[in-house]
Amino acid sequence: MVVQQTRPDRLDLIFAALADPSRRAMLARLASGEAPVKELAEPLRMSLPAVTKHLKVLERAGLITRGRRAQWRPCRLEAAPLKEVADWLERYRSFWEGSLDRLDGYLQQLQGKEGKHGPQG
Amino acid sequence: MARKDSGAPEIAAQSTPKIVLTRTFDAPRALVWKAWTRPEQLMRWWGPRGFTAPVCKLDLRVGGSYLFCMRSPDGKDYWSAGVYRELVEPERIVYTDFFADEHGNPVPASFYGLEGNQLQEMLVTITLEEHQGRTRLTLEHAGLPAGEHSRLAAEGWNSSLDKLAEALQRTR
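As given, the protein sequences belong to chains A and B, one line each in that order.
Numbered per our numbering, the first sequence finishes at 121, counting up by one with no gaps.
Numbered per our numbering, the second sequence finishes at 172, counting up by one with no gaps.
Since the hints were made in silico from the structure, they are not lab data.
Positions of the beta carbon are idealized from the N, C-alpha and C atoms, including for glycine.
Check before you lean on any hint, since a few could be wrong.
Said to hold, decoys possible - With a Cα cut of at most 25 Å, we get these calculated DSS-like pairs of lysine-lysine:
hint, chain 1, residue 1, chain 2, residue 2
1, B, K34, A, K83
2, B, K34, A, K56
3, A, K56, A, K38
4, B, K34, A, K113
Claimed, not checked - One side only, chain A facing chain B, incomplete, derived with CB under 10 Å:
hint, residue
5, L89
6, Y92
7, G98
8, G105
Can you make the complete structure from the sequences, with help from the hints?
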């Protein structure tokens, strides 16, 4: 079977954007409010061009938007794509919750404690 | 203006998007380890309530592959596969995880009618700690960065699974 190679989708772009500690630091800063590029650059001790490069990655992933005003183009966090990632992870959470419930039952059964049920810490 | 909605700061602080679950089982660690690493035992609990696991094949060594099938209550099969990256008996298992077809070839989630057109590889880390005959399990399920996804298609899963089949023949 041939696995289709398609262009990177949204989740891939988001994962790639989140994979870098500097970009996560920028997002963390933006979580408390919009900020100009200069303010994002300062704590990271990075040149403005380097910061601009990171911002482009974040922008392409839809994680931030930038203001239109020429001099002062504040960056703003966009929460919707992060919600998308959270929803996607939720699918795995429900799979694991179900499996671990069954594992619990199986381990009880193995030890001859079949009757014992209830929440496990 | 402050934006603190949707739990965004929490996700932003993590290295990759992930879920973390912990569970304490009233069983010694050695028993829990076996339940995770022996096919005949995995088949007894793998998958949500109402599901069965008709196939669990694994080559339990670092670099070894696994191929699991879970069957939904209405008879639909979902295959998943991956590679063991760390095995520290009886305390730690790390493996990659992706949707697959019945031969272990990676497929996107959309193959199973789920959201997602891309191949997505996940990294699962299981940690087992024993306290007074009880075992605390911590499960971390994380997305791998995009760079690792592309490696997935290139790794030649069919040949690793052929090796798995051979290994399984030998152990019979």
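Is K56/A within 25 Å of K38/A, Cα to Cα?
Judged against 25 Å, a Cα distance of about 15 Å means the pair holds.
Double-check Y92/A for me: the hint is only fine if its C-beta lies closer than 10 Å to a C-beta in chain B.
holds, 5 Å
25 Å limit on alpha-carbon distance, applied to hinted pair K34/B and K113/A
Given pair K34/B, K113/A holds - Cα atoms ~18 Å apart, limit 25 Å.
For the hint on G105/A, just tell me whether its beta-carbon gets within less than 10 Å of chain B.
Since the shortest Cβ distance to chain B is 7 Å, the answer is holds.
Against chain B, with CB atoms and a cut of 10 Å, does the hint on G98/A hold up?
holds, 3 Å
Hey, does the L89/A contact hint survive, CB to chain B under 10 Å?
holds, 5 Å
Hint consistency between K34/B and K56/A [alpha-carbon to alpha-carbon, up to 25 Å]:
Violated, at roughly 47 Å.
Compare the distance between the alpha carbons of K34/B and K83/A with 25 Å, and conclude whether the hinted pair is satisfied.
Distance ~36 Å between K34/B and K83/A Cα, so the pair is violated.
When held up to the earlier numbered hints, the structure conflicts with 1, 2 and fits the remainder.
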